[in-house]
Amino acid sequence: MAHIGKWLRFGWRPTTPFKLLFARFRSILDNNTKMLQLFADLAEKQGGEFVFDRAYIETSVHRVFDLVGKIVTDLNSLTDQKYTALYAVVDHLKDEVHGDIIGQPLVSKGEFCIPFEQIDESLVNLVGGKSAHLGELHSRLQARIPDGFTVTTWAFLRVIEANHLAAAIEDALVRFDRGEEHALHDVATRLGHAKIPHELSTAIRKAVAKLGPASDLYLAVRSSALGEDQDLSFTGQYETVLQATPADVPDAYRRVLASLYSPHAVACRKSSGLAPGGLMAVACMRMVRATTSGVLYTVDPNRPASGELLIGATCGLANRAVQGEESMAHYTVSRQPPHDVLSHRLAASSDVGVGQPDGRAETSSADPAPAEPALTPDEVRELCEMALRIERYFKQPQDIEWARDDDGTLYLIQARRLRISVPAGEPRDLSEVLDRYPVLLRGRGHVACRGVASGPVVHVTEETDLAAFPAGGVLVSRRASPRFVRAMAKCAAIVTDIGAPTGHMAALAREFRVPTLVDCATASIVLTDGQVVTVDADENAVYAGRVDPLLTYQLETESGLEDTREYRLLRRLLRRITPLNLIDHQGDNFRADRCRTIHDVIRFSHEKAVDELIDLQASGRVSGIETARRLVSDLPIGLSIIDVGGGLDTAVGGSLSRSTVTPQAIRSVPMLAVWAGLTTPGVWSTRPVRVDLSTFFSSAMSRAASETAGRNLAVVSESYVNLSLNLGYHYTMIDAFVSDNREENYIYFRFLGGAADAERRTRRASMVREIMDRLGFATRQSQDLIVARLGKLPRTATEERLRIIGRLVGFTRQIDTLMDDEDTVTRYADAFLEGRFNPE
Amino acid sequence: MPKLNILVLDDEPIVGKRLRPALEKSGYAVDVVETGAEAIRLIDERDYDIVVTDIRMEGLDGLGVLRHAQARSPRTLVIMITGYATVDVAREALTLGAFDFIAKPFKLDDLRAVIARAAERIAATRPT
Numbered sequence: 001m002a003h004i005g006k007w008l009r010f011g012w013r014p015t016t017p018f019k020l021l022f023a024r025f026r027s028i029l030d031n032n033t034k035m036l037q038l039f040a041d042l043a044e045k046q047g048g049e050f051v052f053d054r055a056y057i058e059t060s061v062h063r064v065f066d067l068v069g070k071i072v073t074d075l076n077s078l079t080d081q082k083y084t085a086l087y088a089v090v091d092h093l094k095d096e097v098h099g100d101i102i103g104q105p106l107v108s109k110g111e112f113c114i115p116f117e118q119i120d121e122s123l124v125n126l127v128g129g130k131s132a133h134l135g136e137l138h139s140r141l142q143a144r145i146p147d148g149f150t151v152t153t154w155a156f157l158r159v160i161e162a163n164h165l166a167a168a169i170e171d172a173l174v175r176f177d178r179g180e181e182h183a184l185h186d187v188a189t190r191l192g193h194a195k196i197p198h199e200l201s202t203a204i205r206k207a208v209a210k211l212g213p214a215s216d217l218y219l220a221v222r223s224s225a226l227g228e229d230q231d232l233s234f235t236g237q238y239e240t241v242l243q244a245t246p247a248d249v250p251d252a253y254r255r256v257l258a259s260l261y262s263p264h265a266v267a268c269r270k271s272s273g274l275a276p277g278g279l280m281a282v283a284c285m286r287m288v289r290a291t292t293s294g295v296l297y298t299v300d301p302n303r304p305a306s307g308e309l310l311i312g313a314t315c316g317l318a319n320r321a322v323q324g325e326e327s328m329a330h331y332t333v334s335r336q337p338p339h340d341v342l343s344h345r346l347a348a349s350s351d352v353g354v355g356q357p358d359g360r361a362e363t364s365s366a367d368p369a370p371a372e373p374a375l376t377p378d379e380v381r382e383l384c385e386m387a388l389r390i391e392r393y394f395k396q397p398q399d400i401e402w403a404r405d406d407d408g409t410l411y412l413i414q415a416r417r418l419r420i421s422v423p424a425g426e427p428r429d430l431s432e433v434l435d436r437y438p439v440l441l442r443g444r445g446h447v448a449c450r451g452v453a454s455g456p457v458v459h460v461t462e463e464t465d466l467a468a469f470p471a472g473g474v475l476v477s478r479r480a481s482p483r484f485v486r487a488m489a490k491c492a493a494i495v496t497d498i499g500a501p502t503g504h505m506a507a508l509a510r511e512f513r514v515p516t517l518v519d520c521a522t523a524s525i526v527l528t529d530g531q532v533v534t535v536d537a538d539e540n541a542v543y544a545g546r547v548d549p550l551l552t553y554q555l556e557t558e559s560g561l562e563d564t565r566e567y568r569l570l571r572r573l574l575r576r577i578t579p580l581n582l583i584d585h586q587g588d589n590f591r592a593d594r595c596r597t598i599h600d601v602i603r604f605s606h607e608k609a610v611d612e613l614i615d616l617q618a619s620g621r622v623s624g625i626e627t628a629r630r631l632v633s634d635l636p637i638g639l640s641i642i643d644v645g646g647g648l649d650t651a652v653g654g655s656l657s658r659s660t661v662t663p664q665a666i667r668s669v670p671m672l673a674v675w676a677g678l679t680t681p682g683v684w685s686t687r688p689v690r691v692d693l694s695t696f697f698s699s700a701m702s703r704a705a706s707e708t709a710g711r712n713l714a715v716v717s718e719s720y721v722n723l724s725l726n727l728g729y730h731y732t733m734i735d736a737f738v739s740d741n742r743e744e745n746y747i748y749f750r751f752l753g754g755a756a757d758a759e760r761r762t763r764r765a766s767m768v769r770e771i772m773d774r775l776g777f778a779t780r781q782s783q784d785l786i787v788a789r790l791g792k793l794p795r796t797a798t799e800e801r802l803r804i805i806g807r808l809v810g811f812t813r814q815i816d817t818l819m820d821d822e823d824t825v826t827r828y829a830d831a832f833l834e835g836r837f838n839p840e
Numbered sequence: 001m002p003k004l005n006i007l008v009l010d011d012e013p014i015v016g017k018r019l020r021p022a023l024e025k026s027g028y029a030v031d032v033v034e035t036g037a038e039a040i041r042l043i044d045e046r047d048y049d050i051v052v053t054d055i056r057m058e059g060l061d062g063l064g065v066l067r068h069a070q071a072r073s074p075r076t077l078v079i080m081i082t083g084y085a086t087v088d089v090a091r092e093a094l095t096l097g098a099f100d101f102i103a104k105p106f107k108l109d110d111l112r113a114v115i116a117r118a119a120e121r122i123a124a125t126r127p128t
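Listed in order, the protein sequences are those of chains A and B. One point on numbering: in this note's numbering, the residue at position 117 of the first sequence is 117, and numbering is uninterrupted. One point on numbering: in this note's numbering, the residue at position 54 of the second sequence is 54, and numbering is uninterrupted.
What the hints contain is simulated information worked out from the structure, not anything from laboratory work. One or more of the hints may lead you astray.
Over the 12 angstroms line for every Cβ pair with chain A, so calculated as not near, a few chain B residues [claimed, not checked]:
#	residue
1	I14
2	K17
3	L60
4	G64
5	A71
6	S73
7	K104
8	R117
9	R121
10	T125
11	R126
Computed list of lysine-lysine pairs in DSBU-like fashion (alpha-carbon distance at most 30 angstroms, straight line) [as the list claims (entries may be wrong)]:
#	chain 1	residue 1	chain 2	residue 2
12	A	K210	A	K195
13	A	K45	A	K70
14	A	K34	B	K107
15	A	K70	A	K19
16	B	K3	A	K94
17	A	K109	A	K195
18	A	K82	A	K34
19	A	K19	A	K109
20	B	K17	A	K270
21	A	K94	A	K206
22	A	K34	A	K70
23	A	K210	A	K109
24	B	K17	A	K45
25	A	K270	A	K195
26	B	K107	A	K19
Using N, Cα and C, we set each Cβ at its ideal position, and we do this for glycine too.
Build the full structure now, drawing on both the sequences and the hints.
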């Protein structure tokens, strides 16, 4: 706000409330920028390069709500309380976030049943830990899991409500706390016989029916309580019902609910810091008609360094609890592709307790003796690739249950952390071991996502077919690109020459938990195609060869950082804060009550603040100020100008009427410079922008497929401009002060992408960043947002840069959909700075 | 040169989880504890070259650990971890003889740099 003082001193002497209103407007813009930077800071912490704690998260959340509170208050003060609905939105978000922080999440009203394929980690409060984990395996790792659905915590709350159990549960928990063990028995029994509300039983029946004909359907009904994650302390606490027929499901559901209140489960929740009351979601999974099935350990638990993994296989559906593992055939397999079978041991007895394809364990003397399961080399390989993908993601050894049905389709039934025994007593001296491996890169780039992985280098260019990316390869590329998401479920690691830890690809790499180094400058030259390397993205280093001690060390010591409470909390909070849903500012959804995240609220507030200033005069609410005048010119940007002192000279023929003005009237020094840039011949091409289907689709979802640009505003004085431009294909803010006193001169430039798909958007942002860097701006990029600052240059140099920015605004608009490959970033930046505005 | 022994103390488990592997890979022998009392017990048991401790904790805080470590062995270098609001306390720690401090959230590389400086100091003062 110091800047306002400057232009006030240089001209306009306020006698109207406009001064205050504009201060509010500027405050909204300032806090908006602060917030976007805070988003980037928070996102960066997910990568693992930083050490942070809960206090950091809490402090940051506090800042987020402080800023959004100011923005909403300013907007309402600016608009005479037009958007008070935003207070309720922010309050609700605050309640949700607070619930997450104190570990008592709010369950929002939701569906009773959610199919597995629609579940991801973001729904954890509704579907519980186990289901969210399954959803993650499915959505992130493309693992095929059997069909099924989860009956949500919302449904659970309905059961409690319909059976009037809330008070009884609370009372029982209090008594249990006093040492009355039996106190819980009564509520468990009542839940076990609870009436299931009609609408819920209908929803469950419908969800079951979708899984296939009842005559042929058996289900596994399992607990998925809130907080029941991969921590083994919960294993076996809650009920599981196997081989349930559709008719059995309601009863199985009640049994699982009742297990929430076993004394052991309540004690377990308390010792884990969870609310003792608990919330239960229930997963119902179709049981696979298995021809073979079994388990897989991604390492030998007793010899983690052996480089071997273990597979147990049996005919039909394995049931470890019933059969014991000695009835399985055992394979010892190399962890290295192509995963050769090193040894093979037949089942001790091949006719004991073998499950039938319908999943029911039957033994009948009339049945022929089941065949010894024999896995083909291809089946072994498919199994190993799936398992190691899961291990890479969680960075911990995995205990996996699998099944193959009669079509030969491989299913993942369950994946959980495998406990291994670490050789005790041996001091680890990793640093000495590491000294023996040649270092190819160290400390060169930035860690975008932590972890250690090894594999052959696979160079990726624009032509590379990412769908065919080899499993376990190390993706090496000149530039980071969100396009790589197509290879992320398969690649071991990513290393790029150029890229930012706050960039779009980095965010995706964190989602997929792929160890990633960016900005390494020479990786694509140093790392040769096919060369086996080990990427240590914990230490920002790349070694030649396979550094087994390092890989073993990770498997032995990995604490599952991404699954710690802090990381989970941060992810959960970011999901309530950073996604942007309100994109189309001309759409019907662009309303205060439709804001679902903090980002929605600040974007909405920004747009409405601009609208308000433009309409201020018409509203009649403020008198005595200069009219917002529409600038009449050939340039299709729909710009209104408010002069706050010496920025327009409407007396010299520039004014057409009281509500319009022509460019000749502009007297504001910085505005003149920007305008000169905007109107440079060739910069503002009016040729039609190429639209391909995918781009059109994303444009259609965005605000701005049309050329009728939004409402744009410049507030000017003789030495100052604040220009908000919403040009459909991008979103620009320029705030500048230019005088003869170089100490006071500054340019603040903010650029936010829109319209195009994520790849092109990121490329365009990278190009803008490259240009601003070369012009000497201090630049910061987080995904599509570029913030660039420059100050204390002489008047002529400042004006020249404003002219270039004006040209850049036009230029970026026309090249929007043309940035088809990564090379265009530098090529277009070069072309622009050389004055070639039509680079194709 | 023998490995340097480092004790890490922070009541937030995530800090130790993150620091242990990072420091072990850099060639240090690392112990991790979560309370001041445990730290005191270990400090009494063995000689640490470096103690990395959070300043603000329930019970015995970082300053208490600093005092104890210095009383036990003046050659132990103590690095304080601070939060937002504890920079003043950090200053106090420096006057009490802490080697340096680092503010959360920090980059691993930043801490490694502080520890490397401490290691240099130890190497320079260690009798050959």
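Query raised in the report: Of the hints stated earlier, which fail here?
Result: When the structure is compared with the hints, numbers 1, 2, 7, 16, 19, 21 and 26 turn out to be violated.
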